[in-house]
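Undergrad: Residue-level listing of the chains:
Protein chains: 2
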Amino acid sequence: MEQGTIKMEHGSGGKLSKALMEEVILPAYGNPVLNEMHDGASVSTAGNKVAFTTDSYVVKPLFFAGGNIGKLAVCGTVNDLAMTGSVPRYLSVGMILEEGFSIADLRRIVETMCQTAKEAGVMIVTGDTKVVNKGAGDGIYINTAGIGDIIEGTHISPKRVQPGQDVILSGYIGDHATAIMAGRHELVLPTSIQSDCAPLNGLVKEMLIAVPQIAVLRDPTRGGVAATLNEIAEQSGTGILLEEDTIPVRPEVEAVCEILGFDPLYLANEGKLLAFVDPKYSSKLLEVMHSEKMPASSVK
Amino acid sequence: MEQGTIKMEHGSGGKLSKALMEEVILPAYGNPVLNEMHDGASVSTAGNKVAFTTDSYVVKPLFFAGGNIGKLAVCGTVNDLAMTGSVPRYLSVGMILEEGFSIADLRRIVETMCQTAKEAGVMIVTGDTKVVNKGAGDGIYINTAGIGDIIEGTHISPKRVQPGQDVILSGYIGDHATAIMAGRHELVLPTSIQSDCAPLNGLVKEMLIAVPQIAVLRDPTRGGVAATLNEIAEQSGTGILLEEDTIPVRPEVEAVCEILGFDPLYLANEGKLLAFVDPKYSSKLLEVMHSEKMPASSVK
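Residue numbers (this note's numbering), protein chains in the order written: chain A, 148 to 447; chain B, 148 to 447.
Worth flagging that the hints you see were computed from the coordinates, not collected in a lab. Check each hint, because a few of them may be wrong.
Here are a few chain A residues that face chain B, going by a calculated C-beta distance under 8 angstroms [said to hold, decoys possible]:
#1 197
#2 203
#3 228
#4 230
#5 274
#6 288
One-sided and incomplete, this derived list gives chain B residues near chain A with beta-carbon spacing under 10 angstroms [as the list claims (entries may be wrong)]:
#7 207
#8 241
#9 259
#10 295
In the SDA-like style, the derived pairs of lysine to any residue whose C-alpha atoms are separated by at most 20 angstroms in a straight line are [what the hints assert, rightly or not]:
#11 A:265 / A:352
#12 A:162 / B:382
#13 A:196 / B:193
#14 B:196 / A:193
#15 A:154 / A:252
#16 A:207 / B:154
#17 B:281 / A:282
#18 A:165 / B:380
Bear in mind the structure is a predicted one, so any value in this text is a computation, not a measurement. Glycine included, each C-beta is placed from N, C-alpha and C at the ideal position.
Construct the complete structure from the given sequences, taking the supplied hints into account.
TA: Printed below as a string of structure tokens:
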């Protein structure tokens, strides 16, 4: 199967679907819940308050410096769960494969998803694979949905944003989008430009344990820091002042942006977060963030 | 916006994304949880045992006799949740739109989803919309994931299938796939051939209240009754005997199948279920199923 490509019959629900499941998907994800192979998974949560989110991933190219679509699909949903103030627990994976897609590539992606899920401490418990005709897709699209346990005592909401709060950014911005653009246009860039794609749930948990008073957490993905802060400003009815000097951008990312005419503030990140917090908690929060070995910078 | 088509910018996370959300999606789905517009929804479940499932929908044509891709996307996931012995509660919706897709068609689909969710008693609480380049999709692909409350006292598992159990089928088979094929090939068929696409959670709940001893529930979608029973046979290590006479197929569906060379047993259904149960509960179960106004037939 390794040398082959995806055929329409891999999505038929028949023998080839079964082979794909048994030879490619289960060996990577296999766990007692998924192995039940039911219409749905039966899972236990910590209590009766859960976070629930979904995202589809349609990135091009599928493989890029620092990751691939599979890593993105796990990190993205794990991070969205974390940003709601929850501990991510379970993921679903829905794949739409284009006829002719390389099975070796599929295996690489699936293995990365498994590895990233392990790293993030979440379980892939249910999934679905569909095949579309050649020319009706773009290799592979992945949807992940996720469930998390809401961390007690936290209440993350843009409604809790107040004038005077600090906005803390967890590190360099623009790395992910720059790596993707480089991959798309086959630019040769310094190897230091890599997607920042990473699960943030470990960091968020420590932050929320230390400072449950955090008002808002958000990861500045599509649309970047600018779109994310705009959305929060609108939802909260609060103006947000950015001091450009305090927002960290790698010189090499800045250089690429200058050449291509992009503004790093609008570029997607996949491993960074913004936290809104009362200034009296900022130093405590930054201490936790620094000890997690994530570069942090305060924007007021 | 109504006359327009989807542009790449509708997926950018910027102004057009926001307009699409505010003008098309929120007016249809809007509810207090979704309106929070967070990275994820925060929802309450009945206890700490939940069912979790996902499915992607890639049907062609998007509109067919008896429904459209949106109805399918809600019913499919609601039914998968029901088949695990749960009460479906919350859905996520991930849409992948192709550049150039008609916004009027999108609105029709979104409205159908909203209507079907209401009918099934579930809430659409979180979602995501991506746009792919023209030629990298097929109008619209929809992924739904869902969470349900496991009904206490039930234990649905193919491992509980035993020799001697009855297999109960809830009605006519092959209607959905026949309606789809007719739409795809622009065949003129009797208007009685319509997709059976419907939420089954109401029926399942009544069945499980009456007979919590049901061993397995499964909806024979992709691959039809044949693929579903094959899978259960394999998972349970039990042979299953079908008596052709007892499996209801509409004469007009049978006629179309004969012409096109299809076997109704392999055709997808979207509003039917199979239940495995000890014969001593069969008459009680059939009574409940008949009172729900669903045609039922027993296959032993």
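Undergrad: Indicate, hint by hint, whether the structure satisfies it.
TA: Hints and how they fare:
Restraint check, residue 197 of chain A versus chain B: the minimum CB separation of about 6 angstroms is within 8 angstroms; hint holds. Nearest Cβ of chain B to the Cβ of residue 203 of chain A: about 4 angstroms, under the 8 angstroms cut. The hint holds. At about 6 angstroms, the closest approach between the beta carbon of residue 228 of chain A and any beta carbon in chain B falls short of 8 angstroms, and the interface hint on this residue holds. Hint status for residue 230 of chain A relative to chain B: holds, with the closest Cβ pair at about 4 angstroms, below 8 angstroms.
At its closest, the beta carbon of residue 274 of chain A sits 6 angstroms from a beta carbon of chain B; the interface hint therefore holds under the 8 angstroms criterion. Given hint, residue 288 of chain A at the interface with chain B, holds; its Cβ is 6 angstroms from that chain's nearest Cβ, closer than 8 angstroms. Here the hint on residue 207 of chain B is kept, as its CB sits about 8 angstroms from the closest CB of chain A, short of 10 angstroms. Because the closest C-beta pair between residue 241 of chain B and chain A is about 4 angstroms apart, less than 10 angstroms, the hint holds.
At its closest, the beta carbon of residue 259 of chain B sits 19 angstroms from a beta carbon of chain A; the interface hint therefore is violated under the 10 angstroms criterion. With a least beta-carbon distance of about 7 angstroms to chain A, the hint placing residue 295 of chain B at the interface is held under the 10 angstroms criterion. Proximity of residue 265 of chain A to residue 352 of chain A is assessed by CA-CA distance (about 17 angstroms); at most 20 angstroms being required, the pair is judged to hold. Straight-line distance between C-alpha atoms of residue 162 of chain A and residue 382 of chain B comes to about 14 angstroms, which keeps the hinted pair within the 20 angstroms bound.
Between residue 196 of chain A and residue 193 of chain B, the direct Cα distance comes to roughly 9 angstroms. Compliance with the 20 angstroms bound is thereby established for this hinted pair. With a C-alpha separation of about 9 angstroms, the suggested pairing of residue 196 of chain B with residue 193 of chain A holds against the 20 angstroms cut-off. For the hint pairing residue 154 of chain A with residue 252 of chain A, the CA-to-CA distance comes to about 14 angstroms; that is within 20 angstroms, so the pair holds. Taking the CA atoms of residue 207 of chain A and residue 154 of chain B, the gap is about 17 angstroms. The hint holds against a cut of 20 angstroms.
For the suggested pair residue 281 of chain B and residue 282 of chain A, the alpha carbons sit about 10 angstroms apart, so the restraint of at most 20 angstroms is met. Distance restraint check for residue 165 of chain A and residue 380 of chain B: the Cα-Cα separation of roughly 14 angstroms lies within the 20 angstroms cut-off, and the hinted pair is therefore satisfied.
Of the numbered hints given earlier, the model fails hint 9 alone.
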